[in-house]
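Just so you know, the protein sequences line up as chains A and B, in that order.
Going by the numbering used here, the residue at position 67 of the first sequence is 67; the numbering climbs one at a time, nothing skipped.
Going by the numbering used here, the residue at position 70 of the second sequence is 70; the numbering climbs one at a time, nothing skipped.
Hint data in this document are derived by calculation from the structure and do not stem from the laboratory.
We put the beta carbon where it would ideally sit given N, CA and C, even for glycine.
You may find that some hints are simply not true.
Here are the computed distance ranges between Cβ atoms for each label pair [claimed, not checked]: (1) B:Ala1 with A:Asn62: 15 to 21 Å; (2) A:Glu59 with B:Gly41: 22 to 28 Å; (3) B:Phe114 with A:Phe10: 21 to 27 Å; (4) B:Arg112 with A:Val12: 21 to 27 Å; (5) B:Thr30 with A:Pro75: 48 to 54 Å.
DMTMM-like mimics (lysine to aspartate or glutamate), calculated; alpha carbons at most 20 Å apart, straight line [unchecked claim]: (6) B:Lys68 with B:Glu20; (7) B:Lys96 with A:Asp26; (8) B:Lys96 with A:Glu59; (9) B:Lys68 with B:Glu15; (10) B:Lys96 with A:Asp38; (11) B:Lys68 with B:Asp85; (12) B:Lys49 with B:Glu15.
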Amino acid sequence: NAGVTQTPKFQVLKTGQSMTLQCAQDMNHEYMSWYRQDPGMGLRLIHYSVGAGITDQGEVPNGYNVSRSTTEDFPLRLLSAAPSQTSVYFCASSSLLRGTDTQYFGPGTRLTVL
Amino acid sequence: AQSVTQPDIHITVSEGASLELRCNYSYGATPYLFWYVQSPGQGLQLLLKYFSGDTLVQGIKGFEAEFKRSQSSFNLRKPSVHWSDAAEYFCAVGVKWRNTGGFKTIFGAGTRLFVKA
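Here chain B stands alone, though its shape is the one from the complex (with noise of 0.2 Å):
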């Protein structure tokens, strides 16, 4: 069956400091990986995601994610975390759902940054 693990449900990390946050995915076939972030009482916005090719993936407010097939993981990272970057990390894999073209994003349970003066 197809999950995501996200193993930390929080994080607290000093401002300027850098930062890596875990996701391990289940998926037999090749992933689409995603990365979102929610603020409080927001809605979910995509930072970066992996369809193919290079494994090294930049994508907004600084951030990037590295997909490792090996280790099923795509964890994602930052140099230097910002005051603002306090939110919920969501990892997500998009699998294909039963034959009638739907699909789906599961999501892990997500990690909360908290950044500290």
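Next comes chain A alone, as it looks inside the complex (with noise of 0.2 Å):
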């Protein structure tokens, strides 16, 4: 198994562009979670999904759209780049059937907005 991966591992934007940051997991995970990491301030959650075509904010969803069309992939758009959104973005996927498991997190995207 490959587990969590993400797509690009490094990006760098200018203010006003958009980009779809991937993620896939090839573990039949129903639930996919996007995070962001900033200094000091741990990982906040984006958006999460709990299963194909369901998906809810987070406490940090604006600027940011998802949707899950498949088991396997949840991409994060970003529709308009801000500076603000310089950051470390994670996905994790994890298996609903204990309520609140192990989550398995990709290596990161590393993305700057100039």
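Both chains come to you apart, so use the hints to assemble them.
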């Protein structure tokens, strides 16, 4: 199993540009989520999904969109990048069978918005 | 509101010395508690977790943690630190999120561990 994969690893954008961060998992997990990590703030939940076709907002959803058309993929879209979105983004997945279980994290995408 | 506090931003220990990283949480129900480790440039890896039962939990790489309900704490310990343990450590609590079946993991701000020879 590859686990959770994320692409790209690094990205530099100009203010106002759009892009999609890709996330895929091969563990057949129902639950997938996106976090951003900023210094001194731990990880904060952006959006999450409990299955294909079902998504919901997390703590810091503004400026981000998601969709979940398949179990495997959960892309994160930035429609109009802002410098405040400079961060490291992590995708995670887990099984919902036990309610709240271990999350498996991808290696992260480091995004810089100029 | 749910929260996780890691009072130490960074800790330095000598190789071979014992380690304790502190974690306090605030959550009204029975918590699901986790410790994750993040090496530089890497994602997070689960060290151990507590759901119920024995309050002393064993994890990977020789780590253990003890859940103390009366103190709302879940401190991470290791009897002898190795240089390869240098990393950032995150305590986290899993909570239900709204009524959609979702849940989220609330992370502390992290403690960076430095190991000196």
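Okay, the hints, checked on the actual structure:
The supplied range of 15 to 21 Å is met by B:Ala1 and A:Asn62, whose beta-carbon atoms lie about 19 Å from each other. Checked against the hint of 22 to 28 Å, the pair A:Glu59 and B:Gly41 passes, with Cβ atoms roughly 25 Å apart. Restraint check, B:Phe114 to A:Phe10: a C-beta distance of roughly 26 Å satisfies the suggested window 21 to 27 Å. Between B:Arg112 and A:Val12, the C-beta spacing of about 26 Å keeps the proposed range 21 to 27 Å intact.
For the pair B:Thr30 and A:Pro75, the supplied restraint of 48 to 54 Å is violated, since their beta-carbon distance comes to about 34 Å. For the hint pairing B:Lys68 with B:Glu20, the CA-to-CA distance comes to about 14 Å; that is within 20 Å, so the pair holds. Between the alpha carbons of B:Lys96 and A:Asp26 the distance comes to roughly 25 Å, so the proposed pair goes past 20 Å and is violated. A hinted pair counts as satisfied when its Cα atoms are at most 20 Å apart, and B:Lys96 with A:Glu59 qualifies at roughly 13 Å.
Between the alpha carbons of B:Lys68 and B:Glu15 the distance comes to roughly 28 Å, so the proposed pair goes past 20 Å and is violated. Distance check on the hinted pair: B:Lys96 and A:Asp38 sit about 23 Å apart at the alpha-carbon level, beyond 20 Å; violated. With a CA separation close to 24 Å, the supplied pair B:Lys68 and B:Asp85 exceeds the 20 Å bound. Only pairs whose Cα atoms come within 20 Å are accepted, and B:Lys49 paired with B:Glu15 is rejected, the gap being roughly 25 Å.
Hints 5, 7, 9, 10, 11 and 12 from the earlier list are contradicted by this structure; the remaining hints agree with it.
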